[in-house]
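Let the hints inform the model, and build the full structure from the sequences given.
Residue numbers (this note's numbering), protein chains in the order written: chain X, 1103 to 1391; chain F, 260 to 1029.
There's no promise every hint is true.
Said to hold, decoys possible - Below, in silico cross-link-like pairs of lysine to aspartate or glutamate (EDC-like), each with a Cα-Cα straight-line distance of 16 Å or less:
1. X:1330 with X:1359
2. X:1191 with X:1169
3. F:688 with F:973
4. X:1104 with F:389
5. X:1104 with F:647
6. F:688 with F:650
7. X:1104 with F:537
8. F:1009 with F:647
9. F:688 with F:974
The set of hints was computed from the structure by calculation and includes no laboratory data.
Computed from a predicted model, the values in this text were never measured in an experiment.
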Amino acid sequence: MKPPDFTYHAPETLEQALSLLASLDNARLLAGGQSLMPMLTMRFAFPDHVIDLNRVAGLAGITQTGDTLRIGAMTRQRDLLDHPFVQQKIPLLAQALALIGHRQTRNRGTIGGSLCHLDPAAELVSVMTALGATIEIAGPNGPRDVAMADFPLGYMTPSLAPDELVTAVHLPVPPPGHGASFLEFSRRHGDFAIVSAAVMLTRHSSGHLADAVITLGGVGPVPLRLAKAEALLAGQTPTPDLFTQAACLAREIDAMEDAQIPAWYRRRLAESLTRRALTAAHQSLPGAA
Amino acid sequence: MNALPPAKGQVIGHSVTRLEDGPLVRGQGRFAADVNFPRQIFMRVVRAQIAHGHLIAINTEAARALPGVIAVWTHADVASIPPIPFRATRLQGLEPYCQPILAAGRVRYAGEPVAVVFAENPYLAEDAADLVLAEIEELPVLLDARLPPAEFAPGTSTEPAIVRKQFGDVDAAFATAFDVVALDLSVGRHSGVPLECRGAIARYDAAHDVLELHGTAKKQHWNRDEIARLLGLRPHGVHLFEGHVGGGFGVRGELYPEDLLVCLAALRLGRPVKWIEDRREHMVATNHSREQHHSLRAAIDAQGRLLAIDAVFHHDQGAYVRTHGARVADLTAAMLPGPYRLHAYRVAGHFRLTNKTPAATYRAPGRFESTFVRERLMDAIAARIGVDPIELRRRNLLASADMPHARQLDALGTDVVLDSGDYAGLLDKSLARFGWDALQAELRARRAAGELVGAGIGFFVEKSGLGPSDGVRISVDRTGAVELVSGAASVGQGVETVLAQICAETLTVDYRAIRVVRGRTDRIEFGNGAHASRVTVMSGSATHLAALEIRAMALATAAPLLQAQPDELTLARGHVVRIAAPETDLMSLAEVAAHMGPGSPLMIGRTPGLTAERWFYSDHMTYPYGVHLAVVRIDRGTGEIRVERYLVANDIGRAVNPMLVEGQIAGGVAQGLGGALFEEFRYDEAGQPLSTTFADYLIPTLAEMPALDVLVAEDAPSPLNPLGVKGAGEGGINGVGAAIASAVDDALRKPGAITTLPILPRQVHAMLPR
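Dropping the structure here:
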């Protein structure tokens, strides 16, 4: 478990990083290193060049403007989790961040790194999809934005050209008074989720549900919006039966299968977690019983 | 036999802090990877990528051509070295199944060493290893020990042996039985997976003609003797050293191919050679364990009392027979009856090879497995006749009056004679401590509220203190410093502290002032190391005897100088004192040692030094025992099994240091939960290992640990040693599979539902009513 030979680059500006990325063949970007370093030491990845983004100025940091939060790509997961605004205003994100690996890995792991690695079970990929984030990308032709829903092109494949990198994530701040719950099932504390469910609910003053967002992680190569269930919930009076009914729709999803986890079990987990997340999100609404 | 009184002593019986911890908490630990020598080179093992095949050719040219590569060896380069032998088997005929240090013509598991590369640094060594190309003609793989045996090599089968044991008239018991209960059960493939991987660093010191091997553990003297024999050296010129060891658990410290390869390379290449196993290698190279499939039948009477057990099991040994021979199968067969009265017993253990990593002992070998099997059986009998599982066990437990109880079985070449025990008494204590009756009411209430909760039990009998001998030499120098040299080893369990406590008790000195030497062959001629929960029993007893001798020597030397008779004197505070006036220090041990120095007129014509060496011999093992109780909750939505509460009660005769005993038990429970719920070496249908990282092989973390209570009992001291001690290393893991399976059954309200370990959430989920 010693990495193969590669050339190490440590740019200090975004321009330098982009120029290296454009000029070097078979280069990989190093952010927090929580995935790339094991891939190197296990010789699953053989880059000729590693471009370390840790010294690039301006890539980390959290700024709030109006109802948008801008999170620099090199922001550590721990820093985002500890951010008071996230804790107070975006509970779904706070809950998801707390489930990423362990405190030690969150100290190094970055927001952009996890999103670009795009593991199907990654909490950040799922929660950013649920929150309707926008990905800010820099490349030789200048910046561009991509909706998080369109960012994954397939299994662990982000919508990024070889000479582009992610610079930030923009999050619309959810409306005050919404309900949220992010739940996942893993064999052990800190493991990648087998299945995760992210739920956000808003409510009319009448007590009917206005809007529901349900995003499942780990069931397929990319996060899955449970649109049928969302449609079923909209405009309805929230009851345990309604949540059970909505969660039942998770039984119909197309779920991945691997040597350890059969598809039927992923569907059952999706159903259970959806029901629980709906219930918890509802309970987190202000004034909920 | 100079027995120590059973009461707590001045030092013995107290939870004193560990002598070992200073360097470990200061970052001054010296594990295998911390050992470095000038001019060292690095070894990398090239491992077979397929599970079974003929080795047609190995192309090493590209690897040799890489700058910085010093040598590349295949079997042809080491053909003169015999395969690694056994140290622990009575079965004959296993020799053809020994593992060559590099594959000879055939590979039999994915991960088998086929070549080694030596290079200037570990990066280059790995680069070069990637360039070695082994051409292998694939053969069909055998991955299930229950399938008919195949050909291992021309003329030999993949079933080297069947371990058979029997007593009583089994057939007659079944013929007259009230009922027969039959079960099929399996324990998955898992093992001790220490956080420190193996390591071996060899160097040859030509000036002194000594070959040194560092990074060793567990069994230095036997390994030294075998390394010398296999390499054609004299044992006095080969020395093994032990630093800190980051967990042993049975797998670390056995003699493996890599140990011999670094030694041979140090001799041939003339430079120190370092090999550090990485985690992915470890998962396919270091001994696996546990995998067994049992089919057993019990004949019972109308009250559920056992009349006979007739057991057949298939032991999945993996690709070769390693140093333990058939020990795990032997122990499984011998220990299966456990704590119960049994009139007739027959067992056939099919010891079979498959195309997987070779297996050997892992903490409580043969007992974790057989306790699971036996306790599943007891639960099944209870369900069959409709009696409470606790009551069923009471009806079958051996009584105190039965002790010592000869099992009419042998294990590890000695007769199984249960030396002492109050099984029913410990069961009562455990249930009371756990609040068993109140718990049942609580569980009923929770079930009524919709929860899936249950409680389970596993009763176990351990074995410990395997002989035949161990020695300890204690010396007091003229400054009063005490050194204790033992043939024991340390895998991190606190050997130094415990031996120092035992020594300090008799010498009345501060245990912290005693230097304990272990794990090295250059300071003591013989030793049996650290395994099989033996150190406190064997080396502890030897320490006690040697300390008594030092005391006697000190009193005899001091007596004439103090114008007293030796029997008027004793030791206190490290000084000779009069029994009649114990508050007055008359002469320190330092002064006594000075009087016994080589220049002292008192010693003319005698061997100088306040030094004594004593040996403790034992031809029978001691048998600790205990109870595991568990409460589990099953998550209806996911099938997750959450262990809420856990108790281990373990009678070990005497706890020299209760804190260390509790630590042993807590660690054992954690590993037991691994085997019961998480850990599994899985293979695909081609024999490719699927559990090669800690993302796939799930060892439990602190977050998975339940609230744990430990009851250390000292009600049944062993009559077989002067301290009354029994081993405490394995009771914590022994009954976990049994207790968790029992509790999951109870939570599911389906007796007998659990038949395999590990118990997986998706399997449990599939058993839930929809």
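So, going through the hints one by one against the coordinates:
A distance of roughly 22 Å separates the Cα atoms of residue 1330 (chain X) and residue 1359 (chain X); the hinted pair therefore is violated under the 16 Å criterion. Taking the CA atoms of residue 1191 (chain X) and residue 1169 (chain X), the gap is near 10 Å; set against the 16 Å cutoff, the hint holds. A distance of roughly 12 Å separates the Cα atoms of residue 688 (chain F) and residue 973 (chain F); the hinted pair therefore holds under the 16 Å criterion. The straight-line distance between the Cα atoms of residue 1104 (chain X) and residue 389 (chain F) is roughly 12 Å, inside the 16 Å bound, and the hint therefore holds.
Restraint check: the Cα-Cα separation between residue 1104 (chain X) and residue 647 (chain F) comes to about 56 Å, which exceeds 16 Å; the hinted pair is violated. Under the criterion of a C-alpha separation no larger than 16 Å, the hint pairing residue 688 (chain F) with residue 650 (chain F) is consistent with the structure, at around 15 Å. For a cut-off of 16 Å, the pair hint linking residue 1104 (chain X) to residue 537 (chain F) stands: about 9 Å separates their Cα positions. For the proposed pair residue 1009 (chain F) and residue 647 (chain F), the alpha carbon gap of about 14 Å is at most 16 Å, so the pair holds.
Our distance criterion of 16 Å between C-alpha atoms is met by residue 688 (chain F) and residue 974 (chain F), whose separation comes to about 11 Å.
In this structure, the earlier hints numbered 1, 5 are contradicted, and the remaining ones agree with it.
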